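Participant: Under the UniProt record's numbering, the sequence shown has 407 at position 407, and the numbering climbs by one with no breaks.
A couple of the hints might just be wrong.
[To be verified] Subject to a maximum C-alpha distance of 30 angstroms in a straight line, what follows is the list of computed BS3-like cross-link-like pairs (lysine-lysine): (1) Lys511 - Lys211; (2) Lys704 - Lys665; (3) Lys478 - Lys432; (4) Lys400 - Lys511; (5) Lys671 - Lys457; (6) Lys598 - Lys453; (7) Lys804 - Lys772; (8) Lys308 - Lys457; (9) Lys598 - Lys478; (10) Lys190 - Lys400; (11) Lys190 - Lys243; (12) Lys478 - Lys453; (13) Lys134 - Lys316; (14) Lys190 - Lys308.
[Unchecked claim] Quick list of simulated restraints, FRET-style, between CB atoms: (15) Asn204 - Gln387: 36 to 44 angstroms; (16) Ala253 - Glu160: 46 to 54 angstroms; (17) Ala253 - Glu112: 43 to 51 angstroms.
These aren't lab readings, by the way, just hints derived from the structure by calculation.
No experiment lies behind these values; they were computed from the predicted model shown.
Cβ coordinates follow ideal geometry from the N, Cα and C atoms, glycine included.
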Amino acid sequence: MIEYNAMNKTEVHKKITEEGGVSMEKTAPEETIEANESQKMTIENIEDRLRGMEYNIKNNMALSSVPILREAHHQFPDHPQVNYLLGLSYYRNHDYNKAMAYVQKAVETNPEADSYLVLLAQLYLQQNFTDEAKQLAERAYAINEKNWEAARILASLAFERNQLDRALEMTEVVLERQPKLYASHRLKTKIYLQQEESLETILNSIEVSEKHGYDDDIEYDRVYAHYIHGDFEECRKIYEYLKRTRPLSHSTAKVESLIDSMQPKKGKRSTIQNPFGIETAQPYKKTRPHIEDVLEELNELVGLDEVKDTINRIVKLMEYDKRRAYMLSIEKGEQPSYHFAFSGNPGTGKTTVARILGDIFYSLGILETGQLVEVDRSDLVGGYMGQTAQKTREIIESAKGGVLFIDEAYSLSPAKSDHGDYGAEAIEVLIKAMEDYRNDFIVVLAGYDAGMKELLKSNPGLSSRINMQIYFDDFSDKELLDIATDQAEDNHYTLTEEAEKAFLIKINQEKVSPQFANARAVRNIMESAMRERAYRLSDRSLTEEDLVILEPLDFGINPDQLFGDDIKDLMDELQSLVGLADVKEQVKSIINYVRAEKRREELGHGTNDLSLHMVFTGKPGTGKTTIARLISQILKSIGVLKRGHMIEVTRDDLVGQYVGQTGPKTLEKIKEAYGGVLFIDEAYSLYSGSESDFGFEAISTLIKEMEDNRDKLVVIMAGYPGEMELMLNMNSGIRSRVAYTIDFPDYSSAELTEIFLMGASQQGFILTDEAKETVQHVFEEGFEKRDSHFGNARSARSLFEKTKLQQSNRLAIDDEADLFTIISEDIVKA
């Protein structure tokens, strides 16, 4: 195929001359007409003679004009009208290569002649250079809006590209100049059909067309007009009439197919729905979309950069092969198959891209219709022997001409132990069809990345028929916000700056879920926010602004706690805890480090992957659980953790009672902690040193999750110092994943006294000075005698509860005593 638009005019002229066999410098000897003196043209009489020749050429006398024009060209080789009329003569005689050479010369000589530009556009259309033809026709129409031939070209090209309003506008221009032009009347009808205008409008257009001509397809258009307006009875009446009067007509056969399409079709497919509730395939072939328009739709999708790049490369390859075959006159061999595997999490655009892929292959002429048929396991697999093959074949039949999209395709692959599963039968039928009907449809297998890899790995026959594997990555925060903003605009809302922050908090809380659904999660959050706003404002007087904005409260977020605004309160709470001076300093250092890393990340600098798993060592009651809970909330406040909750577990929550139970049980608790902290108390109890102990399976699962999902949770393991050190020494996998070890010392007697007094004050009690001294004495004795089971803060809480009980006994015999005063006698001495 000649790349005219990639060359300058001189190069084009030279290229056409070489390939078309036409010399623009001199007339070929065998075609030279010896003219006598009376035939000689002069510059004075040539214009009149050329005008007469143009009339003759346009009235089917082109052949007789060629000899005279050839002589004129010999005398005046650069005369634009001579070149134009020679080109027009060859065009009328279907010698397009010669015509192109002369018309190109005419346009070079006089680029403002609209008739020259139109003829050149028509020649480009013959070569399928539609973009170049469009540009030339637009130039001609801009020069002369009365040039109906230019308008006719523009109308036809606009219709092919589904630009229906433009097509109708140009068709009206044509009919204003040429009211009897049958082809334009027919195009007008087809535009009305595509626009699904009223039945009366379409039928009137058909009636007007019939006054100026007739073609076989006009009857099909009449039936289809009734079809799109739900008048199926009239469709059948016309069909019966056509069977009697035109039984062998091509139009009658097309109408028969349309009538057949009113029957139910199998599978979930891109459809229209008739009044009977029956989903049917689109029977009327829509205008073939232009590849540039389809690619524009693809490239305007949010995110998916790698996906877009891959598909654009595929399109360029196919266009190159097509152009190469044309230019080298290579006969088209067997078409390569195009089957895909799409992997990625839900909501990443796999179905949308599959639909666009159908349009792309349809626009390139590879698929007949390009429709999307979306199915899952339930549509393919039957409940008894033989039913699966039948269902699968029916689905494949319905997908011919388009794309068969199989969601969660890995579910077709049965478990090794399940010999009664019929999914394997569906795969066998599918594999055969992917080869046998490779020119008729495209298969897209879709699902989670791990599941798709396992499916293709386990079935070489299936993987060998997949040409392209495309991974759909999760959307970034910015891309998710863009999707949310688009959805808000579609519903006539705008997110305030604070609402955008609130949305990001909500979507990041969703992100930690293993079933995070990307764009679907965005849709759910936005719909919930719009409903919440309606509930909140339903009983209030509203301004116009109230009706078009979304605020943080609509997302369930306190605007005073956006992005770490509550960090100061949490750090103050940490500092207010009794004792734990070294622990507080270590926690403060960890938090400062994390905040510095986050700031560097916000400035676009590369940062280390944060791993914040910790080991807390210390006796019971030293504040390990309290500190862990605060750390979870602080990390949420600075944007490291998405939810900031804490899941507290022991061995019993993780370890099962039989083989195979522990792994899933542990994983369930880990996923429950996604977005927060998993706090494992007495973690050393998981490790016995024996691989036969089920705790070993829990540790193996835990180690993998600590590495693979360190961005989703922080694991804090707690226990006695000696036992925890032994566990770390005996399991290098855990030690290598622990970033920080914090030792929680015993509380001193003074700190325990402070904890006691603080607890009493919080409940409204006051102690006499003697009572305070007694409490101090009790804790001093306890601290001196403490052993490995010393309860620390639990001892203080226990003593307070016993004190209240002792006070109650005293109050029972002394009605005059103060209810909130604790005296020395109330203190239970050890």
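Participant: Hey, Lys511 versus Lys211, does the alpha-carbon distance stay inside 30 angstroms?
Facilitator: 65 angstroms, violated
Participant: Would the pair Lys804 and Lys772 pass a check requiring their Cα atoms to be no farther apart than 30 angstroms?
Facilitator: 14 angstroms, holds
Participant: Has the given pair, Lys190 with Lys400, been kept, meaning a C-alpha gap of at most 30 angstroms?
Facilitator: Holds, at about 25 angstroms.
Participant: Using the beta carbons of Ala253 and Glu112, state whether their distance is inside 43 to 51 angstroms or not.
Facilitator: Because 49 angstroms falls inside the window, the suggested range holds.
Participant: Would you check the hint for Lys478 and Lys453, treating anything up to 30 angstroms between C-alpha atoms as holding?
Facilitator: Within the cut-off at roughly 29 angstroms; holds.
Participant: Are Lys598 and Lys453 close enough, with their CA atoms no more than 30 angstroms apart?
Facilitator: 34 angstroms, violated
Participant: Hint check: Lys400 vs Lys511, CA-CA at most 30 angstroms. Holds or violated?
Facilitator: This hinted pair is violated, its Cα atoms lying about 38 angstroms apart.
Participant: Given a hinted range of 36 to 44 angstroms, is it respected by the beta-carbon distance of Asn204 and Gln387?
Facilitator: 50 angstroms, violated
Participant: Checking one constraint from the list: CA of Lys671 to CA of Lys457, max 30 angstroms. Satisfied?
Facilitator: Judged against 30 angstroms, a Cα distance of about 27 angstroms means the pair holds.
Participant: Taking 46 to 54 angstroms as the hint, is the beta-carbon distance of Ala253 and Glu160 inside that range?
Facilitator: Between Ala253 and Glu160, where Cβ atoms are some 24 angstroms apart, the hint is violated.
Participant: What's the verdict on Lys704 and Lys665, does the C-alpha distance respect the 30 angstroms limit or exceed it?
Facilitator: Satisfied, since the Cα-Cα distance of roughly 15 angstroms is no more than 30 angstroms.
Participant: Taking 30 angstroms as the top limit, are the C-alpha atoms of Lys134 and Lys316 close enough?
Facilitator: 21 angstroms, holds
The earlier numbered hints that this structure contradicts are 1, 3, 4, 6, 14, 15 and 16.
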